[in-house]
Structures are given as structure tokens and as C-alpha cells.
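Number of protein chains: 2
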Amino acid sequence: MTNQSPFLAACRGEEPAHTPVWFMRQAGRSLPEYRAARGTGSILEAIGQPEIAAEVTLQPVRRYGVDAAILFSDIVVPVAAIGFGIDVVPGRGPVAEQPFTSRADLERLRPLEPEVDIPHVIETVKILVNELDPVSTPLIGFAGAPFTVASYLVEGGPSRTFSKVKALMHRDPELWADLCDVLADLAISFITAQVEAGAQALQLFDSWAGALSPHEYERFALPSTKKVMSTLEGLRVPRILFGVGTGEILSSMATSGADVVGVDWRVPLDVATKRIGDHPLQGNLDPAICLAGAEIAGNEARDVLRRGAHAPGHIFNLGHGVLPETDPDVLKAIVDLVHAEGRDIATRELSA
Amino acid sequence: MTNQSPFLAACRGEEPAHTPVWFMRQAGRSLPEYRAARGTGSILEAIGQPEIAAEVTLQPVRRYGVDAAILFSDIVVPVAAIGFGIDVVPGRGPVAEQPFTSRADLERLRPLEPEVDIPHVIETVKILVNELDPVSTPLIGFAGAPFTVASYLVEGGPSRTFSKVKALMHRDPELWADLCDVLADLAISFITAQVEAGAQALQLFDSWAGALSPHEYERFALPSTKKVMSTLEGLRVPRILFGVGTGEILSSMATSGADVVGVDWRVPLDVATKRIGDHPLQGNLDPAICLAGAEIAGNEARDVLRRGAHAPGHIFNLGHGVLPETDPDVLKAIVDLVHAEGRDIATRELSA
Chain E
1 MTNQSPFLAA CRGEEPAHTP VWFMRQAGRS LPEYRAARGT GSILEAIGQP
51 EIAAEVTLQP VRRYGVDAAI LFSDIVVPVA AIGFGIDVVP GRGPVAEQPF
101 TSRADLERLR PLEPEVDIPH VIETVKILVN ELDPVSTPLI GFAGAPFTVA
151 SYLVEGGPSR TFSKVKALMH RDPELWADLC DVLADLAISF ITAQVEAGAQ
201 ALQLFDSWAG ALSPHEYERF ALPSTKKVMS TLEGLRVPRI LFGVGTGEIL
251 SSMATSGADV VGVDWRVPLD VATKRIGDHP LQGNLDPAIC LAGAEIAGNE
301 ARDVLRRGAH APGHIFNLGH GVLPETDPDV LKAIVDLVHA EGRDIATREL
351 SA
Chain F
1001 MTNQSPFLAA CRGEEPAHTP VWFMRQAGRS LPEYRAARGT GSILEAIGQP
1051 EIAAEVTLQP VRRYGVDAAI LFSDIVVPVA AIGFGIDVVP GRGPVAEQPF
1101 TSRADLERLR PLEPEVDIPH VIETVKILVN ELDPVSTPLI GFAGAPFTVA
1151 SYLVEGGPSR TFSKVKALMH RDPELWADLC DVLADLAISF ITAQVEAGAQ
1201 ALQLFDSWAG ALSPHEYERF ALPSTKKVMS TLEGLRVPRI LFGVGTGEIL
1251 SSMATSGADV VGVDWRVPLD VATKRIGDHP LQGNLDPAIC LAGAEIAGNE
1301 ARDVLRRGAH APGHIFNLGH GVLPETDPDV LKAIVDLVHA EGRDIATREL
1351 SA
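Respectively, the protein sequence lines represent chains E and F. Sequential numbering from 1 applies to the first sequence in my numbering. Sequential numbering from 1001 applies to the second sequence in my numbering.
It should be emphasised that the hints constitute simulated quantities derived from the structure, not laboratory data. Keep in mind it's a predicted model, so treat the numbers as computed, not measured. Please note: incorrect hints may appear among the correct ones.
Here are some, though not all, of the chain F residues that point toward chain E, as calculated from beta-carbon distances under 8 angstroms [stated by the list, open to error]:
| hint | residue |
| --- | --- |
| 1 | Gln1004 |
| 2 | His1170 |
| 3 | Pro1268 |
| 4 | Ile1289 |
| 5 | Ala1292 |
| 6 | Ile1296 |
What the simulated footprint calls covered on chain F by chain E, stretch by stretch (three residues with Cβ under 8 angstroms from a Cβ of chain E suffice, anywhere in the stretch; the number is not a length) [claimed, not checked]:
| hint | stretch |
| --- | --- |
| 7 | 1156-1164 |
| 8 | 1239-1252 |
Quick reminder that beta carbons are idealized off the backbone N, C-alpha and C, glycines included.
Produce the complete structure using the sequences and hints provided.
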């Protein structure tokens, strides 16, 4: 038993005391205490109140005993903070008042000054770092990757087809590169502020990168992601890169500079390891399985643990965010199962 | 030059006179003549009027010179026709008044009697077979695969997470199997009626199968798809199976009994061929690329033709349906390009 965080050890490819587990969107609408603390205001309002944001970050740590906390925030916080004009509409997602359509819109994206623009985020991180045990539950900071943030700015809201953002990148690759460069700088400033305030790891959410073809990903999304990752290398905290539907681009994502690659439920982790090579993996229980009850979800979790054993490090997680209708008791049962059985399942799998 | 349909030849792995091309949703909102013919009624109303349904089926044939027509219809037509209570809501998709939740709901799904329940569909096919040249533009009939149709019945409408349908299949695999069996029989009856009336090929749309993990696909979707495919083998027309986001399940789809596998834009066709083996492929230009204009879309189409050359047959198509905001002139330019350059690009690629 070392005095090292199991989560951070697994991110570094070192041997953790037990298989670490946390859940994307573990703080959120599935928790009754979250709904009570949040009240009826918008999510950006809640993020703007450090006491509330810290409280909802801590709720899943208390309830589940997960191995990491993730800052309660949103990928559009930096662009909202510099006044682009974007809000998170309940039941819909980020919506931009005036979408990004032309070069003139670049002027609406000035650099982030964390102390001025997001003092509440820095304050939230400081509260959390005081409250959390850095060994049992390090804090993960995060930002959106340029492509995914740009998709909201250009589409004006959530999209199924990403037709506007794809048209822009193909029609005006220079403008697209400039937009991604600005958004990379925003992500860098946003995450750096979180890590300097005490966050011990970072995740870059390129949630919708899987909507791109492999060729488009390499040309239009990977370069700015690489910039973020290489710049943040100096922070010396583990860097996780995640997206959904990324089966065809996993090998590209592995070249981004990320230490850990997050995988959705579509790609079994043993298959993902073959594509990714020498990187620890994070994932990948289907969040929808949690709605089938603890027994079925538990059996699927065992399968995830078995397949994850082949990676040079495995952080158990869902393949995407917790669904709002999830029963918290099911997530609690999964945490207990991963802690109790994770190492044994991996050992058995590797000796088989 | 043979007197054989290029589309049917490619489906059979034979040498076509030119590379065939058609577009999923080629009849639809992107065409001004479609909007004029359809008027303001619901899509199910338009499908119920043979003269209108035949007219909108023919519109893209006239305008684009595609190598196949596809019946103007919808995957929920059979369940709507037997009175399940489902409509297609504009801008949203199929919505069920009372979703499928329990075994008692199986009684709401009686067998289809085509002559009684869908005489208008049979009539539409007969009009079309009279109008269309069977060599230049064979008619494709279609149905929804059991999983994808079931997803609408169980979720009650379009879903991003498929959480209800996944919970049902895991919690009650017997009920799920019974539901899929009933839906397989509906697909079989629906397609058989179309082929007996003159359709010369069939496509089974398992559009959302890519939301399943490979294990879930094998266990919960493939068996009923196999039943449909094997039963329809006796019709002796080419059988195409299509879904989006199917990278991880392509090899399973190839075992379904389908002759041709449709591929979305995420998997380059040369990669798809490695997973699928000895089947002709259909696809896979990203529909969003068409919004970037004819020149950019044309260059991407050439890349699709190059990669498709490695399959034992290639039917050019989009990777999903035509987007409503598509400029028809771009699609026309793509058809001309595929016809003019397709064979040469494939020949060059294979001799390289």
C-alpha cells in the first residue's frame, strides 16, 4: 500500500493500490442532493457561485467514494466568460445568441484573463483543494477541445450533423485554423488556471470528434489538440483526452500528446489497446446499462475490467456522462465492485 | 456495354458499365419540387397517396440521373399501418403515442396483411415499375431493421442515448427477442410486398445499430436481422444492410446474410473492406461535405471512389441521408463525377 493516489498512479501507468474509478458527470442531475443544491438557476449561474460549485463537486465523492473529483464546470465557461454570448439551456445544451460565421467573429474571442474573467472558478478549485484528500480524491480540471467548442459556436447549439462546422472547415481552412488556435489558447488558459489553483489532473473533452472522418480529424481537429496537450505538458499533471464514437480516430488521438485516452462503450478496451498502444485507458461502461439495474450493470462492469486489464493502466469510468435518470445506488454498487474485484479480475485475465 | 443495371451488377459483385450512384433520402426536403408536391400534410399522409409518393420517388431520378430509385416511404409505415399509434413529426421524427413498455404491448403488433394494410404502398410500387427503366433505374424497396424500429417504439421517439431500449433488452431478453421477432416478420412482409410488386433490390435500415456495443449488437440485434435476411433470400434480389456509426460491428453485419453492406463516412471504405471481407460496399461520402460546395465535395467523392475500389463491388452513396439544406446542384455534380470518373479512378487505384 503506497501513499499514492490510485487514480494518478493508473494515469501514469504505475501500479495502483486498487483499480480507480470515477464517472463523467458524476456531479449532476442524477443526484437528489445536486438538484437540491442547484435550485432553479442556470448551470452557468451555479458555476459562478464557488460555494455551490464546490458543494456539487463534493457530493459524488461523499456518496460514491470515487477515486477522483471533477470540477463542476462546463466546456463553454471560457467563451461565455469573455462575452461571446452563449448560455447552457436546460434540456438542450449550449446555445449561442449569434453563431460564429466569419472572420469578423474572431474579434469576439479575446484571450482569457483568468483572475478577471473566471475568479469564481479559481475560488472553487481552492475550496475543493482544501476539502479533498489529494491521495484518495485528486481534483480533475477540464476544458473543451477546440473542435468540440467550435462546433457549438458555429452551429449555434447542439447538432446531430455538424454540417455548418464541417462546411466552414472545408471551405475556409485558414479561418478554421485561426478559430481553433484561439480556442486552444482559451483551453490552455482555462486549464492552467485550474491546475495552478490545485487541480491534479486534466481532461480535454473533444466529445464530438467522432463525428469527423479520420482524415478530417487529422487535418482539422488534431493540430489544435496537440497544441493544447504540448503546452500543458509543462504543468506535469496527467492529461486525459476523451470523445465519443472515436473508434476510427483512436490511433490519431493517441498521438495528441495525451497521457490517457478515454474510450466510449462502442470499442471494447482490449480492441482499443491494440489501436492506441502504450497509453493507459479510461472507460468504458455504457451509461445506459446503469438503467438496467445493479446486477446487469455489475456484470458488464466486470467485462470492462477484464478487457481493460490489457492496457498499461485502466481508470474505470463510463463510456460517456452519467444519464440524468440513473439510480445513484447503481453507481455506488459499481464503485464498490470495481474496488473489490478490479485488481483480481485484471490479474486473472492477464494470467489466463 | 451490357444490358444490365450498373446498380444491380455492383450489388452482385459483377462488373458494372459505370460506377453506380444513388443517395439515401434523395427524394426529400432538399428538392424544391419535393416541397411543392408534398404540400403541408404529414409524411405518412403523402406516403398514403400513390400518385404523390410515386412522383417524389421519381423526382431525383429525373434531376440527378441516379442509378437506382428508392421507394418514398418510411421505416415506421408497417407499425403505423397495423395501428400501433405512431406518427412522423416534422423536425423531430417518429413519435409513438404510447411507447412499448411490457409484454402486453406485443398485442398491439399484429401481423401485416399487405393487401389490406398497405395497398397504397403496393400501388405506388406498381406505378413506379411502369415508369422506371429497370436497367437504368431499378427500384429499391426497404424496411427498418427490428432494433432500429424497436428503438422508436420503446423510446417513444428519437433518442440520443437509447437508454430505455437498452434497459429493456438487458432486463428482459425474452421479451426483447419476442419483440424483435414480431418486427422481423413485419419487415419481411413489408419488403416482400414491395418486391412482389416489382422492386428489384432491398435495403434494411438498421440506422441506429451503431449505438450498441459489439457484444450487444451480436446478442440483441443481429439474430433478428439474420432472420429477415435469410427469409428474404428467396426473393432473389440484392439485400443491402445499412447503419451509421457501425465501425465496430461491420464484421458482424457482414455475417447477417446481407449481400451488400452500407458504410457511414467514419470508416474509410478500404478499411471497411478489411473488416467486411467479400461483400460489395455502399457509401460513404459525408452528407455534410455536400454543404461545402461542389468542388470540395467532388474531391472528397474522388477519395471515396479510390478507397471503394478495393471492395468486390462499390455502389457510391452518401454515408447517411441527404441533409435538407443540401444544394441539389451539388448532388447532380457528384452523380456526373461518379459516372465520368468512377471506373478510371478505381482502375488506377488497383493498378497502383
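Structure-based check of each hint:
| no. | hint | result |
| --- | --- | --- |
| 1 | Gln1004 | 32 angstroms, violated |
| 2 | His1170 | 4 angstroms, holds |
| 3 | Pro1268 | 6 angstroms, holds |
| 4 | Ile1289 | 7 angstroms, holds |
| 5 | Ala1292 | 4 angstroms, holds |
| 6 | Ile1296 | 5 angstroms, holds |
| 7 | 1156-1164 | holds (count 4) |
| 8 | 1239-1252 | holds (count 3) |
Checked against the numbered hints above, the structure violates only hint 1.
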